[in-house]
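Undergrad: Here are the chains, one letter per residue:
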Amino acid sequence: MKPVASATDAADLLRTAGYLPTDDAAMAVYLARALGKPILAEGPAGTGKTELAKAAAKSLDAPLIRLQCYEGLDESRALYEWDYRKQLLHLQGDDQSWNEAKTALFSEEFLLARPLLQAVTADEPVVLLIDEVDRIEMETEALLLEVLSDFQVTVPELGTLEAKHNPLVILTSNDTRDLSEALRRRCLYLHLGYPDVEREATIIETKVPGIGAALAQAVAAAVARLRHLDLEKEPSIAEALDWAKALQALGVRELSDDDVRAGLPLLLKTRGDTEVATAHLASR
Amino acid sequence: MVVERLATLAAALRQAGVAVSTAEVVDCAMGAALVDLSDSAAVKSLLRITLLKHHRSEAVLDAALATFTDDLADRVAFSTLEATVVQAVDAHGGFDDGRLFDTDYHARRVLRRAGDALAIAAEADGSNRSVADAVRDEVRRRLVSERGPREALAEATQRSPENIDFLRARADEQRRMARHADAMGRRLAVRLGRSEHSRRGKLSVRATVRRSLSYGGVPVALVARRRRRHRPQLVVLADVSGSVATFARFNLRLLYALSSRYQSVDIFAFVDEISDVTKFFRLRQFDAAMAAVNGRATPHGVVGHSDYGHALGRFAGEYLNVITASTTVLVMGDARNNYHPTNDKALAAVADKAKRVVWLNPEPAAYWNTADSLAGAYGAHCEAMYECRNMKQLGDVIAEL
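So the protein sequences, as listed, match chains A and B. Each residue of the first sequence is one higher than the one before, counting from 55 in the working numbering. Each residue of the second sequence is one higher than the one before, counting from 17 in the working numbering.
There's no promise every hint is true.
Looking from chain B toward chain A, a few residues come up when the C-beta cut is under 7 Å (computed) [what the hints assert, rightly or not]: (1) VAL42; (2) ALA45; (3) MET46; (4) LEU50; (5) SER54; (6) SER56; (7) VAL59; (8) ARG72; (9) ARG186; (10) GLN190; (11) ARG203; (12) LEU204; (13) VAL374.
Below, computed lysine to aspartate or glutamate pairings styled on DMTMM-like, alpha-carbon distance capped at 20 Å [to be verified]: (14) A:LYS323 to B:ASP368; (15) B:LYS60 to A:ASP232; (16) A:LYS287 to B:ASP303; (17) B:LYS408 to A:ASP232.
None of these hints come from the bench; they were simulated from the model. Since this is a predicted model, take the numbers as computed values, not measurements. No residue lacks a Cβ here, since even glycine has one placed at the ideal position from N, Cα and C.
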């Protein structure tokens, strides 16, 4: 993994991977490397939390290991699992004595490493993305704590496996649930909100090459206006990018109110929101 | 030196209710050794990243910082904008008005009286810092130096969206409260959904046998049937007259976020007349829902003054059929009847048919039954009447329904 010398350096590196970091994001990545701490990135959906991890992996030249969280995630999917079938075959396979077999049964050969263990035992430093951590139950969070604070995993039959290299850990949360204090305390905190018009225009220009500064600016401004309305689900950066791509494909050069109206299905996903936006456009 | 100041800052944050652990202060101190402390933006980033741990407490950090950065960096170089801001705040701050610590009030006063001059200075400066922010910062700095940091922190805590009184919320605060209500509704929906999920039902033999097949017929893992949860039907009677309109609006917002928890939600809004506004609610058009009843009010009463007796009577007369034995009826309002007839028989008829009637009252309990408040008379027919003065209390009550 490439070293990070300062927050400015982190910002430059992330930019090479096509990610435009906020000052806080660059500082968080720098401190995470310097202090060996995980980052907890929190904010609404589609504001670039997952992208940050991907860009960090790409720009630091490290493999990305991803753990997607969901309700019901358990040890055997997050940490490790004994390969039951393989153990069974091993027992049936040759006629060794039970004493030999039982020591062999719980060796690394039969251990299926899940993302957290993979990140810890990797031969090179990795970026570990723990995505949407707010989806797991409060009790399951405890599984993560050992990895997050000490970069190690304890397997009762084998002992404690420590990381050879500290991974860069990035957790993301949509804030649909209050995370435990224990988890927050172990992490650096990064809030990623919607960008201001300038930054979003730059993001659009970077991600949709050839769109032109004027149109990118107009798209960003229109999306910002929509976010100002009272909506159930505000359009995300990802949706703004979809819309910008669509406009480019349609050959639009100058954004009119009709273009905005036509783009609403890409930006707003509930009928109520569409009606609010339509009424707003009509009133201008 | 830096460590001492950090400890002071951490103590100030804790006093304002932001949990800051020693480990976090240590992280921050280690970070401070790595960043350029003369760069105030970088220092602020560092503090946000290491100490804050929640976006919601950012206002408190800002207040704490105002008490802190003053001696951290004596502002040396003044830009044109900053100099103009200092002058304008001097001239128009109105700090001897005898107001409580209220940053917004003074900032608005300055902007109203010196907005043009400030806009010109900002133009001349070419800085992209917003004038309003610059004024707010200067006002806060001034207030802190005059009144002390304790009041600044108290203000930040009081002005956090969950503690603002519904009956006194200003327009700018209502915007923040709306976002907070949406987020709170989402979190509540998840939390309540979860607790239902974790209560497992009886053993499912069929699923357990099916699962055992992958272990050669040994039932290694038992599978429980998922317990059917009971989803109540909700009927809401909301007073949307001027005095309690804000309360009703946030209530509807919260219920909207939670509507998947209920078998059905029917909303009736009233001032003196009552009407079914469910179709607006489903589209999340709260303002339209509230306007619908105001616009349709007949000359029967003066528009804008609630008449609980009449509205309840009309509801009991026309809409009683929407209530079944499994309905929870939620009444929202201050029970101030403007000295119209009580007509609590109508509420009794509703309570008779419904499973339960719960009343949410945005007034402090100490004011109930004073003047034209009929909290007692109506409360007698309810399972309970709850005081819901702010988002926090409202969330607690709604979570229990």
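Undergrad: Mind listing which of the numbered hints don't hold for this structure, in increasing order?
TA: 1, 2, 5, 6, 7, 8, 9, 10, 12, 13, 14 and 15
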